[in-house]
Amino acid sequence: MTGIDRSPTRPGSVVAAVAALIGLVASGAFSWPALGIATAGVALLGVGLTLVRHDAVTVGGGLLFVAVLVAGLQNAPLVALLFGAVASVVAWDSAGTAIDLGAQLGRAAPTLRLELAHTAGTVLVGAIAAGVGWAIYQLSLGARPLTAPVLLLVAVLAITGALAVRSER
Amino acid sequence: MNWGRTLAAVGLLAFVIGLGALVAPGAFALGIDRYAVIVLGLLALGQTLRVVQARRNGPRRRAETATPELPPSVASPGDDINTVLGTFDRTRHRASERTWTQLRDVAIAALGRYDGLSDAAAREQVDRGTWTDDPVAAAFLEEDADRAPIGRRLRRRLTGASPYSEGIEHTVAAIAAVAGVPVEERETRRFGGLGGLRQSLSGRDAGVDRATAVDDPDPRVRLTEHWHGIGAVALAAIGTGVLAEQAAVLLVGVVGIAYAAYARSATPPEPTLTIERTVEPADPDPGETVAVSLTVTNDGDRLLPDVRLVDGIPRALSVVDGTPRLGTALRPGASATVTYAIEAQRGRHEFGPAQVVVRNLVGTAEREVGLAAETETPVTCVPALAPVGEPLTLRSQPTQYTGQVDTTSGGEGVEFFATREYRSGDPMARIDWNRHARTGDLATLEFREERAATVVLVIDRDETAAVGPEPRGETAIQRSVDGASRAFTTLLADGNRVGIAALGATDCWLPPGAGDAHQAKAQELLATHPALAPGERPDTVLPFGWLAQLRSQLPGDAQVVLFSPLCSGAVAQVARQLDAYGHLVTVVSPDPTTGDTAPSQLASVLRRFRVADLRAAGIPVVDWPWDDELPVALARSTRRWSR
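Protein sequence lines, in the order shown, are assigned to chains A and B. If you read the first sequence in the working numbering, its first letter stands for residue 1, the second for the next number, and so on. If you read the second sequence in the working numbering, its first letter stands for residue 1001, the second for the next number, and so on.
One or more hints might be untrue.
[Claimed, not checked] Derived CB-CB ranges, DEER-like:
{"hint": "1", "chain 1": "B", "residue 1": "Glu1270", "chain 2": "A", "residue 2": "Val79", "range": "54 to 60 Å"}
{"hint": "2", "chain 1": "A", "residue 1": "Thr39", "chain 2": "B", "residue 2": "Thr1006", "range": "39 to 45 Å"}
{"hint": "3", "chain 1": "A", "residue 1": "Thr39", "chain 2": "B", "residue 2": "Leu1043", "range": "30 to 36 Å"}
{"hint": "4", "chain 1": "B", "residue 1": "Arg1220", "chain 2": "A", "residue 2": "Val79", "range": "40 to 46 Å"}
{"hint": "5", "chain 1": "B", "residue 1": "Asp1115", "chain 2": "A", "residue 2": "Asp55", "range": "44 to 50 Å"}
{"hint": "6", "chain 1": "A", "residue 1": "Val14", "chain 2": "B", "residue 2": "Pro1182", "range": "48 to 54 Å"}
{"hint": "7", "chain 1": "B", "residue 1": "Ala1334", "chain 2": "A", "residue 2": "Gln74", "range": "45 to 51 Å"}
Everything labelled a hint here was simulated from the structure, so no lab data went into it. All C-beta atoms, glycine included, are put in the ideal place defined by N, C-alpha and C.
Produce the entire structure from the sequences given, and follow the hints as far as they go.
If you want it as structure tokens, here you go:
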């Protein structure tokens, strides 16, 4: 016996692949540039999982999300955008978790329950957020007040600022 | 003052008002200029870049897990050339020239021993560089070693080969050639295929080598930074949405905000876990498979969504089937079981604590603990004592017990020794009737007396003996213990009184004795004494204090059989001192050296020196090649001695 296989775990890799493909379809169906960027993102995710590279996984997930924004700029429907955004985050999260789990426990260890619980949490949060986003859109359909985006922007800045303070501590 | 909380509160407030403005435009008309929006959108995108940059530079952290599946790694006899040279010559040379001076001395010694040169002649050959055909080696040991030809120096600069290490390699190979040590092609351990690509790209070590879990890991709690930079998702969406005036894109930012908030929770759960372990069988034979079943139970009243566990397998044992690792989620009261199989070997093996890492559901924080089972489940493997299967030749020496050692006095026995004049009272059966028929004289046959010896088997368990040719194979100590156990059985069956001692361990001592009870004691000691435990890294032994104690314990006429790989000059010295004090010494030496690296070749050469010195001092040495069985090595040595 020479060592244990510490490559990413199977369930996490499968979830990541499925989520990445959902993201690809959601954004790629509405825009050619988005399709190109999302394809590159999926490929990078695959490379990251194969070669056990967190940075490739992160760039891949990021490209998937950029593809969503590009599709949004080309007037893709909000539902597709929300699906794409959640899918790209889930793909990135699952792939990263699979890499960490693989490094800690190896590919042979039974990890299905753990990964299902983790993915369920991430998907649930995404689903609720997407629901809220969709509801806001329905409520304010057509209107585009300047105040709202600005305040949302301030909100996000403050919240990420709060996150930065926490992680520096 | 908690900035984080304040910022989060401001953010939430702004978010709520922003939502209000969406729902009821006009209610919150702040009259913000379009240019201000553009500036803020650019700011958001700028902030996105900063977050992404921080993510790139930010560390991702996780608990490194041990690899208890594997047998412990075994040092090669030549891991470090300076250590090897230090066993040859302990003189304190100047640090800058130590290796060079010592290598010179080894070369001169080798020339003296194997080419029959006098010391002065050998020194001159080394000084003039004529001792070897290898120009690099010759130049390396010359007095003015630094004056390499300009061409070679230039080539070294270009190829990047360090002239120093190149010189050492060539020199050692040349010395090995003089000493007749076979030099093997260097074996390069490379990873092939995908694994190799992974290795070269990530450059990270695959796990912690053999470090088993500890009861109190440091740090216990760790932020994993798994979600670090998720805020960029929200910022990018909102910045793009604002600049492009696309409400749909803007609202994608809600997803980002939700995840950023989700990732804010950073408290790892309490590991309210207990583990229980069963082993079957608990007293296996060597090589037998032991089934281990580990059950982990959540005794707390909260869900543990992320439990990662690596069992603490006894150091010396390795997993042959299944995996001792588990990742699971446990509801309150729930338990999970993992089963695997380990292969037993000699010794009493305790399980260590299992390494447990619990994370919160979102995966931002983890807590690491070492978790011991409440009831110990040791695996005790006591190998049956097996004889060598080949006569073990002890050195000639008389004692009063009958046994197998040939003596130089005639008497009762089976082998003809001499005849002497008949004395009245000699038994009729021993009268040489042939001679009486021929000459009429009465003579008595004498047979060689075979007598029992008192033998103490000494096992070398110095740090220098904890070496072996394979990185995860047996050590020379384990070989020595196996050899000693077989020699013990054979010698005891031959009627000798046999005892056991371990080099440097005063508490590991079995006085010479005989009988079944004694045999059982020896079996127990060889199998389970901590000084001989496999898998432990022994300390460096300073043998001379121990030697004094051993001498006070040794019966005056006791022979000593020393089991040692002879990787240390001090141990060879022990053998000679014991011999000088009147205990007849035989050395059985498993050979752990290989010829694949320069330090190992050197270790091999130096070991040959020691064997030759011991033999020259009249101490028989059984050289036991690693790939041979002990009886084969013994038979070869017996032939050598009887020649």
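Status of each hint after checking the structure:
no., hint, in the structure
1, B/Glu1270 - A/Val79: 54 to 60 Å, "41 Å, violated"
2, A/Thr39 - B/Thr1006: 39 to 45 Å, "43 Å, holds"
3, A/Thr39 - B/Leu1043: 30 to 36 Å, "31 Å, holds"
4, B/Arg1220 - A/Val79: 40 to 46 Å, "44 Å, holds"
5, B/Asp1115 - A/Asp55: 44 to 50 Å, "59 Å, violated"
6, A/Val14 - B/Pro1182: 48 to 54 Å, "52 Å, holds"
7, B/Ala1334 - A/Gln74: 45 to 51 Å, "49 Å, holds"
In this structure, the hints that do not hold are numbers 1 and 5, in rising order.
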